[in-house]
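Starting from the two chains in their separate frames, assemble the complex, guided by the hints.
Chains A and B, in that order, give the protein sequences. If you're matching positions, the first sequence starts at 1 in my numbering and goes up one per residue. If you're matching positions, the second sequence starts at 1001 in my numbering and goes up one per residue.
Please note that the accuracy of each hint is not assured.
Claimed, not checked - Residues of chain A clear of chain B, computed beta-carbon distances all greater than 12 Å: (1) A16; (2) I114; (3) S127.
As the list claims (entries may be wrong) - Reference excerpt, derived from the structure (chain A facing chain B, CB under 8 Å, subset only): (4) F20; (5) F99; (6) R183; (7) D198.
Stated by the list, open to error - Which residues of chain B face chain A? A partial, calculated answer using Cβ under 8 Å: (8) A1053; (9) R1066; (10) A1069; (11) M1071; (12) H1074; (13) A1077; (14) Q1089; (15) F1091; (16) E1093; (17) L1106; (18) P1109; (19) L1111; (20) F1124; (21) R1150; (22) V1177.
Derived by calculation from the structure, the hints in this document are not laboratory data. We treat Cβ as the ideally placed atom computed from N, Cα and C, and that holds for glycine.
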Amino acid sequence: MRPHLIALGAIVVLCAAAAFGLHDTVTLDLLFTLLLYAVLGQSWNWISGYAGNISFGHAIFFACGAYASALCVTHGLSPWLAFPAGALVAALLAVVTGFPTLALRGHYFSIATIAVAALVEVFVRTSPWLGGANGFELPIASGWAALQFSQKGPYVLLALALFAIVQLATMWLERSRLGYYLRALRANHAAAASVGIDERRWKLIAFAWSAVMASAAGVLYAQYTLFVDPPSTIALAISIDIALIGVVGGIGTLWGPAAGALVYVVLAKGVALQIGGTGKGYDLVIYGAIICIIAAWRPHGIVGTIVDALRRRRGTATATPA
Amino acid sequence: MTTLLEVRGLAKRFGSLRALDGVDLDVAEGSLTGLIGPNGAGKSTAFSCIAGADKPSAGSVRFRGREIAGMAYHRVAALGIGRTYQIVQTFAEMTVLEAVTTGALLRHPRLRDAIGSAEEVLEFVGLADKRHRLGRALTIADKKRLEVARALATEPALLLLDEVMAGLTPAECRDAVDLLRRVLARGITVLMVEHVMEVLMPIAEHVVVIAAGKTIFSGSAAEAVRDPRVVEAYLGSPLEHGEIAS
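So here's chain B without its partners, still in its complex pose (with noise of 0.2 Å):
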């Protein structure tokens, strides 16, 4: 299997912060790979500087072999790099199908092309009967759908999930599920975070741990669990216990 996502001593500091400090992880083309971590392990920093929201400090992030860090965030998207956030980015004031029509119109320059595509994702995901709601007036399981499917409208050859799981119930948790495996279906590789583990266990074939800025263990979900860092820096301090439970 090809690599897709190469990232090599990602580093990010602000100010005195490292918040980033050496993540290495790959992403094998048409895989789901799972980055976990407790609070505060710089999972979501690592996203904005694969994505291009934020200049990682040092570092390498190869996508398709192309050097890309530092590159300008409308470019990586461009480039085939699709995301969503972990606290929700809507365009407040534009309809779903308005939303997801912006995301196609990356590929489909045309604006009836756009929203034939877009109603398209829309049906995918299960949203095409709120097509006409305000993205902000949605629930929050609706609105991280929304998310998704204004990534995928960009047709990206890899998608980038934070944390869309949160927040939702167990039965919008399995929905959420259903939809990632089509995504897979579709060819399309699927880097996630998470903070809870056993949403990932059962989907991601490949899981990358990071804690304080820090890759500690790279393999299988299976591994992970037993792999004694990965349990100090969940388990580590009676204090991080509680968010385990969570």
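Isolated chain A (complex conformation) (with noise of 0.2 Å):
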């Protein structure tokens, strides 16, 4: 626990020094786009790490926060608001996908969640009051109270809060009931019931709360880039991103979303910034070789590699399953 909060307080203190120090647009803007993805990884990771439900429809919360706070702005309230009204949708919407679909066995929730991210896609796109498949352009303002602007380093600072909040919430959740349950049910169902754990209801928790994460960094997001359309937000290509931060780095995990959000913005975006403007796409072949090796030989994931090897420094056991 404490070692955890050295870490924390430290990327605190160095990302603060960096938001308020740097004016380098290209730096600070892949420094809110890691704190972004690092929570949307670990969000993931509620349900997919800890819980084992593997989630393949998680951009439709974040597009949840993003639209929430395009829906505000354009209708004249406080940007604000869409923190509360794009975690209740997002927790709603969780709890509708996995109600009948989390205490099942196999792939049928993965597949739920396909679905309803493509059913709600289809919804925005053919909702002109959702701005259908054109999106929101967000009137621009400034200020804490418009939640916008002109510089980025306020936008770190924001990203870097919910990334903070959300770390200190895995903290306690690996120290809670409901990371023991989850744990448990992941490691084996049947013995969980056993010993009176109520899978649907201790999954759709942690899945609301996962929904929830996922929603307040929509928000940031459309305050960030002021657009806000299906593309951008509720598409497969997004939701496959999440989920692949969460692997890479490490599932089930405290760092391991942090870990594979830092892979993912510095070798993915870092190498399209350098190549990737020829166009011929080698960022996505370096960013895909890295997750084919990473399958192949890591399956665990960066985060969990390394606590494997510490283990066994210990002597105290042999690999985590993934």
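Next up, the structure:
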């Protein structure tokens, strides 16, 4: 617990220093994206890592926040309202998706998340009040009340605050009844039921919180880009990016999503900045190769591999299963 | 003595197969009751139907006078029935302490209290010095002990033990019997399935014998071995003779 708090404190200090001290927009943009993806990865990690139900539709919860933000701003409401409003819709969507599928064996849950995401995308595209296929452009404003800033520093601070909250929540999860129950359910659902664990109830709670986190990231994203449309928020490609970040970093670990986001942003986006302009897609090739290497040799992800190595040094245990 | 568990006409069909076809049994509060029968008699299926892991096709299961047949598995556990599995089902990536804590969280929702309670249970079953090992890194005997600990941590009134002695060495069996006696001394009622009758003889006050999915005998262990129906069920054919020897 304590080393994790120190690590988090160090990250907060470093990122805050960067937000105040740096004026290089490219670096700050990467930092904002990194923190946002770390939050999305952790959100995914709650239901797919700790609870073991792989979600391939996580972008819809992100979209809930982004669209809540767009709707609030275009209707003259405070964008801060988008946090509770987006969270509520995201949690409801999670419960509706999860209730019939979370306690089923096999891949029904994963399929359901893809199906619901596809339905939501079609619904948004055909709903004029949700901007249809064109999406929303948010009117430009400035200041904390409008949650918009001319500099990138405050955005980085907001993303950092969200990241810190999500990491603290996950530390709490690991030391809570919910966290123990999710791990037990992932390991052996029958044995878990035999000690009184109601699979559907606890997984729904985890899924709803997961959706709330992703929605909060969506609000910040909309306020940052000032543009929200289906391809940039709901598309399957985004859901897969979120899932890959979780897998690359190491599922069911506290720092896995942050490590996965680091790999994703530094390598995928960083490489894209260097050579992506050629339009030949080398960046995707390199990122794809990294995923293949991790999947083949280190299926526990980056953090999972480190945890295993530490355990071996202490001589307590063997590898954690993926 | 009051009856804690009362099973009547329990039946379970898998398609056209009648795995259970009329099991009756009573478990008196505070007793150790043995459930025995030859291979394939339906012992584990009966267990699963009582614990709620399987839904019976017919019949009634009353626990403390309350009908629980067909109730969700986790709710049966919450009512006070703990169980172990014939084939050990550990939480593979959890340490011994974490697995038992998971059980203790049923009655102690705060993690700190649950860990304290789990530590006591580990002390009680004799696994305290292995509390930081991973569950799947234990020996068979310790894995079975861990399952008992996890079930005890839920503070059950009735403990269902499915072949906890199977695969143990004679010394380990003696330890297990010792543990059972201490469990009983705590006031926990035990219903245990055993394939080998010799294990049960010295400890079970009451024995229920099932064969081909039906209860064929209910009484004391000493009477059971003299009962012609029981002898026939076990020794009925030369093929089955090999099983009892094993």
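Each hint tested on the structure:
no.: 1; hint: A16; verdict: holds (31 Å)
no.: 2; hint: I114; verdict: holds (27 Å)
no.: 3; hint: S127; verdict: holds (39 Å)
no.: 4; hint: F20; verdict: violated (38 Å)
no.: 5; hint: F99; verdict: violated (15 Å)
no.: 6; hint: R183; verdict: holds (6 Å)
no.: 7; hint: D198; verdict: holds (5 Å)
no.: 8; hint: A1053; verdict: holds (6 Å)
no.: 9; hint: R1066; verdict: violated (16 Å)
no.: 10; hint: A1069; verdict: violated (16 Å)
no.: 11; hint: M1071; verdict: violated (12 Å)
no.: 12; hint: H1074; verdict: holds (5 Å)
no.: 13; hint: A1077; verdict: holds (4 Å)
no.: 14; hint: Q1089; verdict: holds (4 Å)
no.: 15; hint: F1091; verdict: holds (4 Å)
no.: 16; hint: E1093; verdict: holds (5 Å)
no.: 17; hint: L1106; verdict: holds (4 Å)
no.: 18; hint: P1109; verdict: holds (6 Å)
no.: 19; hint: L1111; verdict: holds (6 Å)
no.: 20; hint: F1124; verdict: violated (17 Å)
no.: 21; hint: R1150; verdict: holds (6 Å)
no.: 22; hint: V1177; verdict: violated (23 Å)
Of the numbered hints listed earlier, those contradicted by the structure are 4, 5, 9, 10, 11, 20, 22.
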